[in-house]
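Going down the list, the protein sequences come from chains W and Y. Each residue of the first sequence is one higher than the one before, counting from 1 in UniProt numbering. Each residue of the second sequence is one higher than the one before, counting from 1 in UniProt numbering.
Calculated from the structure, these hints are not laboratory results. Keep in mind that the hints are not guaranteed to be accurate.
[Stated by the list, open to error] When the alpha-carbon atoms are kept at most 25 Å apart in a straight line, the in silico DSS-like pairs for lysine-lysine are as follows: (1) Y:Lys171 x W:Lys171; (2) Y:Lys26 x W:Lys259; (3) W:Lys317 x W:Lys385; (4) W:Lys6 x Y:Lys203; (5) Y:Lys259 x W:Lys26; (6) W:Lys6 x Y:Lys26; (7) Y:Lys142 x Y:Lys171; (8) W:Lys203 x Y:Lys17; (9) Y:Lys17 x W:Lys259; (10) W:Lys259 x W:Lys299; (11) Y:Lys17 x W:Lys17; (12) W:Lys6 x Y:Lys171; (13) W:Lys259 x Y:Lys259; (14) W:Lys142 x Y:Lys171; (15) W:Lys6 x Y:Lys259.
On a predicted model such as this, the values are computed, not experimentally measured, just so you know.
2 protein chains.
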Amino acid sequence: MISDLKGTFSQISNNNKRSAIREILKLTQNPEIISFAGGLPAPESFPVDALDSIVSDMLREEGAAVLQYDATEGVTELRELLVQKYQNEGVQCSLENMIVTTGSQQGLDLVGKVFVNQGDVVICGLPSYLGGISAFQAYGAKMEGVPMDEYGMSAELLEAKLVELRDQGIKPKFIYIIPDFQNPTGITMPESRRLEIIALAHKYDVLIVEDCPYREVRFDGEPQRLMYDLDQDDHVITLGTFSKIFAPGFRIGWILGPKDVNDKIVVAKQSSDLCTPTFVQKIAIRYMQSGVFEENLQKTIDLYHQRRDVMLAEMEKHMPDCVKWTHPEGGMFLFITLPEDMDAMELFHKAIEKKVAFVTGNVFYCDGGGSNTMRLNFSYVNNEKAIAGIQRLAEIIEAEVAVETC
Amino acid sequence: MISDLKGTFSQISNNNKRSAIREILKLTQNPEIISFAGGLPAPESFPVDALDSIVSDMLREEGAAVLQYDATEGVTELRELLVQKYQNEGVQCSLENMIVTTGSQQGLDLVGKVFVNQGDVVICGLPSYLGGISAFQAYGAKMEGVPMDEYGMSAELLEAKLVELRDQGIKPKFIYIIPDFQNPTGITMPESRRLEIIALAHKYDVLIVEDCPYREVRFDGEPQRLMYDLDQDDHVITLGTFSKIFAPGFRIGWILGPKDVNDKIVVAKQSSDLCTPTFVQKIAIRYMQSGVFEENLQKTIDLYHQRRDVMLAEMEKHMPDCVKWTHPEGGMFLFITLPEDMDAMELFHKAIEKKVAFVTGNVFYCDGGGSNTMRLNFSYVNNEKAIAGIQRLAEIIEAEVAVETC
């Protein structure tokens, strides 16, 4: 080995932290553990049966073309279908606004790659999706957190943060927002808040990165318009994905963005992986055209809806009064706030002993806060296990409450 | 749009150049043009028929697991098969040395991400694969070129470059080498040269990045040992891929590297795309186990062998004496050197008029040289077209030679 390997690694590599969630997930792999920790879609929601004939037809009808390289922007027909999907809900966009990415994690990576220099400020919610934070931090982003209320990122505190930064001569590269069923909180931003934040982006001349992995998985309430749609002034870059509504193992995501931004992103993607696998893109085209897409999405929504209801009902029954939690209208996660002096990390170790797991909320707080919070996933575990798991968890919290004061 | 979008892009984005080849390829898309320009494998070499039953069996036997997220390092069974493949040829390696990447372009990107800071020096051959150069330049690499002779990168000139850099207090991050059927020259490095370069890497305390996309596609001569294998002192990181021996549309590559390097690469990959698509990895596992892999590889080798022979024979017949070209023992490309004062870019425009295309060699020279060189691909075009194309090309060069002096 060379003499100073450590000193040879890049700043990006030194910025890159091994995911804290990954370390937590390692502790939860014992099959006896009921885990609310992961972020996995339910395998029952995957359209296994439909794919056999789709792939078979595809190979017969398209042959070698599905195994060849394709354009860096993505297979044109898939981009057209995705544009159509947004146009159907009234969004103004065209082919030049659409790039296929290798999962929306690559969307986050490319946004980081194209905008962030070492030391640049990026604003995110407190708390926020760790994979987004990590992708931006890799390129040297200094994350500045803005607290959330029950409607998502506080517009008032966002403006205070923007003023504070402006007074220091700092212009943030963008504001990172997950408006629908946010990871980790499950909170959805109503249109009024979206408009307030867009107005701030205009006033302070800042881009918004709108991450929408769960948007289509809505159980209750009214669908909210995309921030991309509400803006119409090229301030918003939207990320989407098939991971939660088709199959994460396909790694197909997309970026709906202003043309001038997309031009840069395509060049960056070219040196990142040339193109997203043609094979899975071509399957996705046929899957979208088959009609199974909508049918299976509805099945997924119904399944998660029911799982969320079971989980909320069980929490209502067993959790001590001093424990609060969110009531997501969709997505895969809910978020628990414990009494302020209770440490979720201590609870985590006790929970693992009792064979139940969650992710401590602090990993989603870029300011090191959130020590009394935890994220629970409700998409993966079946009802029977969820009931047993919530009961165990409630007992552990109850015991802790008895020690401290509620 | 924000007021200064251009100023908002990162240094990486500004480093990133749109591929010159891409621009050339756009001019060659007219179907009447016989194009030796691209770098595409022959679609006839793809195992379309075998895949139908493989995918069908996979979905029936493994179900939803093939559609779920999997480990960032790659699906364990695929990593095991790849390790086995190298062990079978005597390479000492184990699971911790093997990471699956989203094509070997992602391997190049991750190597750049993990090692290169803005302004760092990376050494490459003159000429060298543009996608490698671009991936490293994106992270700010200053490419220093070392001329090649008929055995690949000159060891003597490499040492001179290393001394020159050392005298300036500069330590290059790594030496980028494509030892087998190099892109663009088609040249293979014999073992003696590999050993010389490894000795220099040891002497000057530098890593080697060994890029092997074509290695398995050998028609003539003896297989050469991997530099990774010859070294055995953790100085070499090797990149491999299924793109030329199975299907580029699967985007499956891998990194065979020292454990300490791979640990960093996995963390970088996690924020890049979480994992390579499970679906295509699981197909690749079954494809490797099916026995069709070897059979289809032999078919590919035979096809390209014959195409190379046809092309070489035709060049021998028609090219003016003052034109020289390489005689690759494998891979997909050969490289033409024209008389020194002849400009391949001028020829390119004349060639497009006559409906034949190639890539000018200069795009592969990081020092701006190579204006009298051109790369021809022999894997994609069928024999009939290759014969017609070479005849047209020879006529154009002949006419140019008549004008200038040979």
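How the hints compare with the structure:
1. Y:Lys171 x W:Lys171: violated, 35 Å
2. Y:Lys26 x W:Lys259: Measuring from Cα to Cα gives roughly 20 Å; hence the hint holds.
3. W:Lys317 x W:Lys385: holds, 16 Å
4. W:Lys6 x Y:Lys203: holds, 19 Å
5. Y:Lys259 x W:Lys26: holds, 20 Å
6. W:Lys6 x Y:Lys26: Measuring from Cα to Cα gives roughly 43 Å; hence the hint is violated.
7. Y:Lys142 x Y:Lys171: holds, 12 Å
8. W:Lys203 x Y:Lys17: With a Cα-Cα distance of about 32 Å, the restraint between W:Lys203 and Y:Lys17 is violated, given a limit of 25 Å.
9. Y:Lys17 x W:Lys259: holds, 17 Å
10. W:Lys259 x W:Lys299: violated, 35 Å
11. Y:Lys17 x W:Lys17: violated, 29 Å
12. W:Lys6 x Y:Lys171: holds, 14 Å
13. W:Lys259 x Y:Lys259: Violated - the C-alpha atoms of Y:Lys259 and W:Lys259 are around 41 Å apart, more than 25 Å.
14. W:Lys142 x Y:Lys171: violated, 29 Å
15. W:Lys6 x Y:Lys259: holds, 13 Å
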